[in-house]
Amino acid sequence: MLSKRIIPCLDVRDGKLTKGIKFRGNVEIGDPVETARLYYEQGADEIVFYDITASAEARGIMLQVVEKVAETIFIPFSVGGGISSLEDMRAVLLAGAEKVSVNSAAIKNPEIISQGAEAFGSQCIVVGMDVLRVEKSPDCPSGYEMVIHGGRKRMNTDALWWAREVERLGAGEICLNSIDADGTKDGYELDLTRLIAGNVRIPVIASGGAGNPEHMTRAVTEGRASAALIASIVHYGEYTIPGIKDFMHQAGVKVRRTW
Amino acid sequence: MLAILNYRAGNLTSVKRALDHEGIPCRITDDADILARSRGIIFPGGGAAGSAMKNLRENGLDTLLKDLISRGKPMLGICLGCQIILDESMENSASTLSILSGSCLRFDHELLDEHGDPINIPHMGWNSVKLVRECELFRDVPQEAEFYFVHSYYPEPRSDLLIGLTSYGRDFCSVFGRPGLWAMQFHPEKSGRPGLKILNNFYRYCMNI
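Chains as they are written, first to last, in our numbering: chain A, 190 to 448; chain B, 11 to 219.
None of the hints are false.
Listing some non-contacts, in silico: residues in chain B with all C-beta distances to chain A over 10 Å:
no.	residue
1	49
2	69
3	102
4	142
5	182
In silico lysine-lysine, DSBU-like type, Cα no more than 30 Å apart, as pairs:
no.	chain 1	residue 1	chain 2	residue 2
6	A	443	B	140
7	A	257	B	207
8	B	83	B	64
9	A	443	A	374
10	A	205	B	26
Since the hints were derived computationally from the structure, they do not count as laboratory data.
All C-beta atoms, glycine included, are put in the ideal place defined by N, C-alpha and C.
Using the sequences plus the hints, can you model the full thing?
Structure below.
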């Protein structure tokens, strides 16, 4: 039986670790390679790196980080942020990442999903979705709208429609981030998580809003997510990954507890 | 030295990084002499069965591998490398190496998980392996250890080759083989310490025969 995955997310800028709250006011909190090693040793099931600069010159720095991480940890990890071409994908995968995550580029140019899946395999292609709760409308019948640029730009695209579309195009996984819940620590947006996870046949990672292990448990039970993404609750030492896993295990969720 | 077989399809570097980390000497190669001189061969995963077989045949690696194995060269097949040593694969209807008897099937979309929901395909994530037969590659690997899987096809070898079972909608064979010739569907190079232990155990076997 497949375990539910606990995935710390590391925001990286210019090769250094940051954590943004509501995508603004990032503060530097450490070295991404050392932090990845720490989470690996603590039993993280996977790690997500998000390159929040993604300027041309910063890309080289990020690739060096990816190479070092690949030599240090022996679990899958993905890299996202500013990936907009097959060349970007290839560079990150060659540097040692297991998966690449595309977000705004996929909405602007959906073909990058199918091209990436064809070139590298669906299992490599994660589509990141930033989603805003809106009034239901003919354009957004699900009441959830796709946004980009950390929520600053609304795309007039229905989130449920887009989730099914990325599955059809060959995405291997969806990382579903609620802009409304992100940074609140009030819990994942379960209605959204359940809506998307219940309507696609690829794994969905719940993201945005984790404040405690109970939230994570609910994301993978009521929300039907395959994995839960976390950041500040572990970055600032409030909770540890083994502690979170013990809690989830007690709550009856299958998680990996031996590493 | 272990040889990591370069068949221009799989993810070779992650196996190399894992062996480097463990201090196990290794080379990525498709050179017949180096493969013959190696203490053991790792056939890594990734890619599709059809294109992998095409690359193997074009370089004459299919017959070379069979020859080396028949002369007792230890080999470990990972993921696609485990599927391809069987007789045939549903993936691309490919006829494969036929080193061990069996075939490779696709997960049925109708299968249900433990909550009664249809399973996702590929099977991606951490899952456990129940050994049905003792296997020295699993020496000192905790029974509860889990391993990282990512695949849509699974091996179905002849029953006497079965070593480990994993449950995903149904029980499928995740480890099979015989002493010196092992195949595993999961990725030991991406399975944390238990996976690295398996690679170490394989290396130790290779050095001791």
